[in-house]
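Sequence order for the protein chains is C and W.
Each residue of the first sequence is one higher than the one before, starting from -9 at the first, in this note's numbering.
Each residue of the second sequence is one higher than the one before, starting from 91 at the first, in this note's numbering.
Which bits of chain W does chain C cover? Going by a derived footprint, with three or more residues having C-beta under 8 Å, they are:
no., segment
1, 132 to 141
2, 164 to 173
3, 184 to 197
Computed beta-carbon distance windows for the label pairs:
no., chain 1, residue 1, chain 2, residue 2, range
4, C, Ile202, W, Pro177, 42 to 52 Å
5, C, Ile128, W, Gly127, 54 to 64 Å
6, W, Asp196, C, Ser33, 54 to 64 Å
7, C, Val183, W, Arg195, 47 to 57 Å
The set of hints was computed from the structure by calculation and includes no laboratory data.
Ideal placement from N, C-alpha and C gives every residue a C-beta, glycine not left out.
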Amino acid sequence: MNGTWVVFRREVGQYFASPIAYLIAAALLLVTGLYFNADLTFSVGTKPAEPALIPLLLSFAMVFCAPLLTMRLLAEERREGTLELLLTAPVSDGAIVLGKFLSAWFYYTILLALTFIYQIILVSITQPDMGHTMAAYIGIWLYGGATLAVGILFSAITENQIVAAFLSIALLFILWMGELIGQIITNLELAEVVRQLTLIGHFTSSFAVGLIRAEDIAYYAGITALMLFIAIRVVESNRWR
Amino acid sequence: MIDVQNLSKTYGTFAAVDRLSFKAEAGEVVGLLGPNGAGKTTTMRMLTGFMPPSAGSARIAGYDILNDSLEVRRRVGYLPERVPVYPDMTVQGYIQFWANLRGVRDARRQTERVLESVHLLERRKTLIRNLSKGMRQRLGLAQALVHDPPVVILDEPTIGIDPQQVIEVRQSVRALGEKHTVLFSTHILSEAEQVCDRVIIINHGRILAQGTPATLRQQLQPGDHLYVQISGASSAAGQRLLAEIEGVQQVQPQGIGFHVRAAVRANLRGDIAQRVVQAGYQLEELRPVAMTLEDIFLDLLGREEGA
Ligand SMILES: Nc1ncnc2c1ncn2[C@@H]1O[C@H](COP(=O)(O)OP(=O)(O)OP(=O)(O)O)[C@@H](O)[C@H]1O
Ligand SMILES: [Mg+2]
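The shape of chain C in the complex, shown without the other chains (with noise of 0.2 Å):
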């Protein structure tokens, strides 16, 4: 335990010292104000300002920002040669794992508690429907953890930061376009299985909407074990290379 708190408090320190971190979080927060602005903008008169706006976005968003956000984590350390003494420290790889896992959700919790501000106007100026919005966060913080979790996995697979974002993007995008695959097959239950292995099919029509689903919690929380579960085994196997 006290292995994953040194190690998560290192990462943590890194993203804020981290270039990329701080242009990613200017970057959500920039794409998102600007939807904000003209949901609230085109939303005037017609109809409610959509409660779930900015997890909906951020959906689409985690897709590239999480394999961003995390590509560094075990590609660097291998690269760098550091893996070597972090292997050889006492405390077991599965805490060095789950402490780096931990950091990229944390930060990713913060960049969450920052679009708060959109809710805080939404507030001020109507009456926006609150647990719609709650239950679209807390779906959407899973989901993130979720896809934090593949990023994290194909760091460990390559000490190669691009390949491991090229990757990562590359499953989290088949995963996100899952459902529209769904969406042409014509066999009803083939179509209903491939879209809930996907990680959209757990959300736009559940958490979205403002359902809280156990079978949804459990799904994210499933990828996310077994993504790091995976991870951990991938990292064991540095020592045997």
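Here the structure of chain C is known, so what remains is to put chain W with the ligands in place on it, guided by the hints.
The following block gives chain W with the ligands in isolation, referenced to the frame of chain C:
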């Protein structure tokens, strides 16, 4: 403190380390000496718990490197060959990170203590990316010592730094022997000779010889080596005269005298003196030539390649 038994590592069919066995007592400074590719780094990686051995075992401070890996890692300080650093951290942040990760209780104080000892305390706020190579090497050493481990393993700690710093690093390794058991690797013989209580010479993953520098020199010196200088005889005559003496294997001109290699036997020097005088020449000088470890090492490697 370190007890290695038949330690082996194979990559596919290639044996990088081949049934290595040796011991190091508490407070001993042991040098692993070998040319490039001898298996030094591989051996150290197994001892530090980075990679498991393919066969054999080793105990460090009484703990098995495979079954009690975490206990071993707690008791070992390791400086890998390519000093691994986080360029974006400060000197102090870096050392404190390793102290915390290894569960050092008073991490802040220990960090300052160890930075003081490697003369980096004034630099503690500097980003590592701005350190010179020699400073980085000392930083790596500090990292290996911050948790005050009983066993310190250093992989070629003097590589790539200037001669002044090499001397300093050697002195600090030497000084470490007062409180720690030190295993360090090098391919520089004079270094092993200066720094180590005991030297283990390896090549192709196998031990060629081990012992104190002095005993190694004695044991491995094949026969007696003498320097003989004669006046009154031509060079050729002198050489012929010496070569005829019983037990002499080789006579080579060296400077104004000769380097004589002979089998070890009683009264060799007496005989040489007598023969020279009998032939009517004068013996100007007759003294033993100590082979350096360098010669022995090259000789050993040569013999191995020949075999
Ligand atoms: N991952 C690996 N896969 C295959 N062979 C390897 C691997 N790592 C090391 N080797 C081989 O094992 C042998 C021993 O390597 P090692 O790095 O232990 O040598 P060394 O004594 O440290 O040499 P140097 O002085 O160059 O550092 C070398 O022939 C090397 O090519
Ligand atoms: Mg080496």
